[in-house]
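Novice: Given next are the chains, with one letter for each unit.
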Amino acid sequence: MVPFAGWEMPVQYKDSISESHLNVRANAGIFDVSHMLQTKVSGKDQVEFMESLTVSDVQKLKERQAVLSLFTNEQGGILDDLIITKTEEGYLFVVSNAGCAEQDHKLMQTKAEEMKKDGYDIHVETICNALIALQGPAMPKVLQPGVDFDLKTMPFMTSRMAKVFGIPYCRVSRCGYTGEDGVEISVSSDRVEELVTALLKSSTSDVRLAGLGARDSLRLEAGLCLYGHDIDTTTNPVEASLLWLIGQRRREAENFPGASKILAEIENKPRRKRVGFLSTGPPARAGTEIYDETGKKVIGKVTSGCPSPSLKQNVAMGYVESTFIKTGTKVKFEVRKKMVDAVVAKMPFVPSNYYYPK
Amino acid sequence: MASLLKHAVFQSVRRFPTLKGSLKVNGIRCISITSFKLQKYFSEKHEYVDVKDEGGKKLGTVGITDYAQDKLGEVVYVQLPEVGSQLEMEGEAGVLESVKAASEVFSPVSGIVTAINPNHADKPNLVNESPYDKGWLFKIKLTEPEELTKLMTEEAYLAYIKTIE
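From first to last, the protein sequence lines are chains A and B. So for the first sequence, the UniProt record's numbering puts the first residue at 1; every next one is plus one. So for the second sequence, the UniProt record's numbering puts the first residue at 1; every next one is plus one.
No lab work stands behind these hints, which were simulated from the structure alone. Remember, it's a predicted structure, so these values are computed and weren't measured experimentally. Backbone N, C-alpha and C fix where the C-beta goes; we use that ideal spot for every residue, glycine too. Incorrect hints may have been included.
Beta-carbon label-pair distances, calculated as ranges [claimed, not checked]:
hint, chain 1, residue 1, chain 2, residue 2, range
1, A, Glu334, B, Thr114, 44 to 54 Å
2, B, Lys134, A, Pro351, 30 to 40 Å
3, B, Ala121, A, Lys301, 21 to 31 Å
4, A, Gly6, B, Thr114, 45 to 55 Å
5, A, Pro3, B, Lys57, 43 to 53 Å
Some, not all, of what chain B presents toward chain A, calculated at C-beta under 10 Å [stated by the list, open to error]:
hint, residue
6, Gly73
7, Glu74
8, Val76
9, Val95
10, Ser98
11, Val99
12, Ala101
13, Glu129
14, Ser130
Heads up, simulated DSS-like pairs for lysine-lysine below, C-alpha to C-alpha not over 25 Å straight-line [what the hints assert, rightly or not]:
hint, chain 1, residue 1, chain 2, residue 2
15, B, Lys123, A, Lys337
16, B, Lys45, B, Lys141
17, A, Lys201, A, Lys60
18, A, Lys337, B, Lys139
19, B, Lys123, B, Lys58
20, B, Lys123, A, Lys14
21, A, Lys338, B, Lys57
22, B, Lys58, B, Lys141
23, B, Lys162, B, Lys71
24, B, Lys134, B, Lys57
25, B, Lys45, A, Lys14
26, A, Lys312, A, Lys269
27, B, Lys141, A, Lys14
28, A, Lys337, B, Lys45
29, B, Lys150, A, Lys338
30, B, Lys139, B, Lys150
31, A, Lys14, B, Lys162
32, B, Lys141, A, Lys312
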């Protein structure tokens, strides 16, 4: 257990991080991500409210649909990443990072108060549920016996309220942070143990508790950003290679926080960009300096890196000057004063396995 | 001699888990182990050094303990000191990389590195599979043998890890 943002976090269970990691890729793993901030945004002006804080086209969301989004500031920096779900119960379900919980909460509350004064109808409340992620290709086999709807009808990035293994009012969202098929289940904290026990009892698959150590290596293989490492207020969505998160309508309307800065960045081309790297030998961790092929010029910095349990070589992501972002570009990492060969590589490093019905 | 043999057997059983079976089957085999007086010492940073006397010189084999490898998780890269390099007691001697993190290895004694385990290049997880035997890290010629008195015996080390659990 490791303290983080006021929580005691399970970094590793009985299995080693590699074992946990590989079991998620092959079967399924359960992560306790209850530290994440869950917020309910309701009121008739909920869409306008969320759009005033984020880059997403929330208006376009259909019921049950979810979208990955960003809170941005007026300078175009990223305040946090989040998932916004339009529920069929008439509110927006928002999940954001524990490390930013206080800031996100304040951001939403302050904006809501401001808009309320102008006559808008908005309610923001924290949902004090536990959040459990069941991730891996075996997820449908494990979960299907516990739900009364067909998981085949539920694509990646959709969400619904359901009874799960007899526990009512669970919000099941087909998403995750591993690159695998999976769900996150928001469940009343007094029944979370019951839920996890039911999932672990699965007779069809090898489901094991997986710690946040494995979650980190899984998300890195999937090319997903970790807030505070790969993105923060000093990075904008363009250089973070997250331009695709900005809704087309929002881009045209130029009305999201930091729009002028961010849109100018697209125009002028960013000075640096987030890309992936593969290497062998000693792995590069966050903070490692990246040099050009000659090893003479510093061109950027690694923001996340680890040995990949799936690929048996090292994966990393980081920011480099824009002239070095082409896949296949040879670079060097300085690891403990020695130069290590690395190459710019496409992300995800391991192909994603998200579920889209045929 | 009898007492020495008894002592050595006791230690060998723990030290070489892979030999445990053959020791039980054939007690004579362990005599080859006792022909050089191996003594194992432990540091608070979870390195061990197996020390033997050779022509009045003390030679050590250094590795990390079973407790340490378990805490570290699967080792995927091992960085070792260069042969001929001079190490100080508690000075950095190498790095073990697991998925989670890079962990420094500190030399439990001062001395000159005489050999490194070549097998780690292909099989770094020998550190996990066989920390006290095939997973040794480097061999060192002790230059300050009196430092050994500052290290723990196996018994003391086992008691020590209970206090930090």
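Novice: Go through the numbered hints given earlier and state which of them the structure violates, listing their numbers in rising order.
Specialist: Structure breaks hints 1, 13, 14, 17, 19, 21, 26, 27, 29, 32.
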